[in-house]
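**Student:** Sequence:
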Amino acid sequence: MDLDLSSAEPFRAEVRAWLRAHVPAVPLPSLETAEGFAAHRAWERELHSARLSVVSWPARYGGRDASPLEWLVFEEEYYAAGAPGRVGQNGINLLAPTLFAHGTPEQLERILPPMASGEVIWAQAWSEPGAGSDLASLRATATRVDGGWRLNGQKTWSSRAAFADRGFGPFRSDPGAERHRGLTYLMFPLDAEGVTRRPIGRIDGKPAFAELFFDDVFVPDADVIGEPGAGWKVAMSTTGNERGLTLRSPGRFTAAADRLVELWRERADPADTALRDRVADAWIRARAYRLKGFETISRTDDVGAGSSVNKVFWSELDVALHETALDLLGPDGELAGEWLEGYVFSLAGPIYAGTNEIQRNVIAERLLGLPRERR
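Under the numbering used here, the sequence shown has 399 at position 368, and the numbering climbs by one with no breaks.
Hints in this document: simulated from the structure, not taken from any laboratory.
It is possible that some hints are incorrect.
As the list claims (entries may be wrong) - Ranges of calculated distance between the beta carbons of each label pair, as one might list FRET restraints:
#	residue 1	residue 2	range
1	Met267	Thr227	40 to 50 Å
2	Asp303	Pro136	54 to 64 Å
3	Pro136	Arg391	31 to 41 Å
To be verified - No more than 16 Å apart at the CA atoms, straight line, and that leaves these computed lysine to aspartate or glutamate pairs for EDC-like:
#	residue 1	residue 2
4	Lys323	Asp35
5	Lys237	Glu66
6	Lys264	Asp165
7	Lys237	Glu372
Heads up, the beta-carbon is just placed ideally off N, CA and C, and yes, glycines get one too.
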C-alpha cells in the first residue's frame, strides 16, 4: 500500500479550513425527523456550493475529480470536525457507484447532479418481509408493459424512505427463473401514483425508515439500471460499496476513537486497567481499519467478497467503541446523548448491509474456500 499522504495535504488543509468555518456550532436536529431531514438537505446544498458534497466524482456531475486518497482525507477531516451526517448517503455512497458501473450516459447526466446538490434524496428499497439478508428471496415484482414496468409488492426497512424523494432496488421480473436470476434493478419516484409509504415506529420515535407498498406503479425503461433480468449482478455491485469503504469510511471510526481516548482521560479510574485496555484496543482497531483503507485504494483489482471482511470489522468495531464509552460514563451514560444515540445505532450495524452471520459465510466460502454448509 502507498502511505505517502503528501499529495493530499493541500486538499486536507482546504477541507479543514472550510469545515472550521461552516460546520454548525449547534448540531442539526436528527436527520431521521422531518425537521432534521430538511436541515440536512440544506447542509448538502451548502457542501455542494463549495464542491465538497461528492469530491471523488467527475466535475461534470458536481464533484472535483478528487483521487481516492483525497477522498479518504476528506472523510477524515469531515468526521474529525463533527460535521452533520450525510442525509444523501444512500444515493451518494450506494446508488451513484452502481450507476458509474452499470448506468447509461443519460442516467448519469440526469440522476447525479441533483443527487450531488441534495435536490433529490434517495431511499434504499431492498429488504422485504421475507427477504432481508437473503435478498434472493424477494417477491416484489416488476412486470413488463409497453414502455416500462409495473411494480407490485412491498419493501420494508427502507432507509430514508419516510422523507426521501426517490428510491432504488431490485424487483423480481421473471418469477419462473432461479432465485438469483430474473431480477431487474429499478429507480422510482416515491410520490408516484400507486406508491404508499408507511413510516415504521421505532423505540426512539424517529421515523426515517418506512415500509413501501407498490400497487401497479409505472416505471419507464429509462429507469432500469443495467440489463433487465440482470438485477442480481447490479445489486452485488451495490453491496460491495455498502459493505466496503464508501458507506463506513475509516474517518468515521478514527474520529470516534480519538473522542473515546479523550473521554478516557477525563473519566477513567487509573486503577481500572481492563477498561484502559479496551480503550487502547478500540483505538488500535480504528487505526488498523484506516490502514486497510489505504490498502484498498492501492489495489488494482476488485475487492469483491473481501468487502464482507470490511463489513464485519467496522460493524463490530462500532459496537465496541460505543460500549466502551458508555462503560466509562457509568450511570451518566444514560444522559450522554451522542454516545448513547451512537450506541443504539451501532447495534444495527451487524444486521444492515447483510447480517454478519451471512458475511461470515461469504468469507468462509468465497475467500477461504471452505465447503458450503449442508442443511
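**Student:** Is the hinted pair lysine 237 and glutamate 66 satisfied, with a Cα-Cα distance of at most 16 Å?
**Tutor:** Roughly 11 Å between the alpha carbons, so the hint for lysine 237 and glutamate 66 holds.
**Student:** Kindly confirm whether 40 to 50 Å is satisfied by the beta carbon distance between methionine 267 and threonine 227.
**Tutor:** Because 29 Å falls outside the window, the suggested range is violated.
**Student:** Do the alpha carbons of lysine 323 and aspartate 35 lie within 16 Å of each other, as the hint requires?
**Tutor:** holds, 14 Å
**Student:** Lysine 237 and glutamate 372: Cα distance at most 16 Å?
**Tutor:** holds, 12 Å
**Student:** Please check whether aspartate 303 and proline 136 have a Cβ separation lying inside 54 to 64 Å.
**Tutor:** holds, 59 Å
**Student:** Given the hint that lysine 264 pairs with aspartate 165, test it: the Cα-Cα distance must not exceed 16 Å.
**Tutor:** Holds. Lysine 264 to aspartate 165 sits at ~15 Å (cutoff 16 Å).
**Student:** Against the range 31 to 41 Å, how does the distance between the Cβ atoms of proline 136 and arginine 391 compare: consistent or not?
**Tutor:** holds, 39 Å
Violated hint for the displayed structure: number 1, the only one.
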